[in-house]
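Q: Work from the hints to combine the two standalone chains into their complex.
Here is how the chains run, residue by residue.
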Amino acid sequence: SQQGEEDPQALSIQEGENATMNCSYKTSINNLQWYRQNSGRGLVHLILIRSNEREKHSGRLRVTLDTSKKSSSLLITASRAADTASYFCATDERQGGKLIFGQGTELSVKP
Amino acid sequence: DTGVSQDPRHKITKRGQNVTFRCDPISEHNRLYWYRQTLGQGPEFLTYFQNEAQLEKSRLLSDRFSAERPKGSFSTLEIQRTEQGDSAMYLCASSYRTGGYEQYFGPGTRLTVT
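Keeping their order, the protein sequence lines are chains A and B.
The opening residue of the first sequence carries number 1 in our numbering; numbering runs sequentially from there.
The opening residue of the second sequence carries number 1 in our numbering; numbering runs sequentially from there.
Honestly, the hints are just simulated from the structure, not real lab data.
The structure displayed is predicted, hence computed values, not measured ones.
In this text, a Cβ means the ideal position worked out from N, Cα and C, and glycines have one as well.
Be careful, since some hints might not be right.
[Unchecked claim] Non-contacting residues of chain A with respect to chain B, defined by C-beta distances greater than 10 Å in every case (computed):
hint, residue
1, 8
2, 17
3, 19
4, 55
5, 59
6, 60
7, 64
8, 67
9, 80
10, 100
[As the list claims (entries may be wrong)] Partner residues are not named here, just some residues of chain B that face chain A (Cβ under 7 Å, in silico):
hint, residue
11, 41
12, 43
13, 45
14, 48
15, 85
16, 97
17, 101
18, 102
19, 105
20, 107
[To be verified] Output of the computed footprint for chain B on chain A, the stretches with three or more beta carbons under 8 Å from beta carbons of chain B:
hint, stretch
21, 41-54
22, 82-95
23, 101-111
Chain B extracted, bound-state conformation (with noise of 0.2 Å):
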């Protein structure tokens, strides 16, 4: 059990371009969760995935935003046009669904948007 990993762990990008992450959960979770964490604050949750069916989506969440997990694995979070305002800590969780509930959370990719 490697745990959950998040690709890249860093991203600089300019202003209005596009950037995208991945996650590569535990590999029996069935859920997979996507947060960001600004400097001080707790996690603030943007989507999640049961399997590959997108259950919930933030309604903070702009449609700069979209995340896919196409075959129930891996799942992608991109961000069209970035702003200064999307800089942020973009944290992955996974849990398994019969579960105790308790998430499992990867290292996290840290947007900084110039």
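Extracted from the complex, chain A is given alone in its bound form (with noise of 0.2 Å):
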């Protein structure tokens, strides 16, 4: 079953603009790792975020984490048309253990 709730669904911005991604679970947690799969193809690993971290950047991304509203966003600036995909975010309870995942926010970046 799903951990949480992604939000949008969708989101379709202009190249050069910043895109916002937000997820909430459920439970307690280890962790929280940020993913993007690419149509048709495999999921890829972006960014993890411990429980005891707030913020973390790498790149152009910039993920927070507030476990008291058990909820995270992913923040991508500068957004480029090869950042067209699917972002999930998935919750890791037990270090190393499963990975509970979103359902998904499709970005479309137009050139």
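A: Now the structure itself:
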């Protein structure tokens, strides 16, 4: 079963704009991860944030985590057409155990 | 490092037949996971192994599904008496226990049950 909700379900922006995706989850976690999936391809890990962290950066990605609200957000700055993909958050309750995925946000970046 | 590989990439089978999928993880990874993904949904956990031990199996997984990792390297996922509802993408992932806990996914096996 899915852990929680992602919002929005779909997002369409112009190249150069920022994209923000939100994720909510239901249980206590050890860490939260974001993955990208291009059409017809496998999932690629983007970034991991631990439960004791509030913000993390990696290149054009910025992730925040609010464990009191059981929510996370992924910000992609200066988006590119190549960022077009589905983005999933996934929670890990036991540090290396199973991942529980959200339903994903479908991002479309128009050139 | 060739990444996680899965075989076959596509499988079409008739309802009631048995199918078996194979996953080869990244060589130094000792954890191996199976997920199922249907169109428009996120992956759903099925089971995972640490070395050859199966540590957890989803309660949603029927008895028709079985997975093995006999020597702690590759893994197989078998579905017996397939049903149309089994049609999905089956994803395998691996991770290194003392690593950063991110999982590396294979390209998946797309199963179509007719």
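Q: Checking against the hints above, which ones are violated?
A: Going through the list in order, the structure violates hints 10 and 15 and respects the others.
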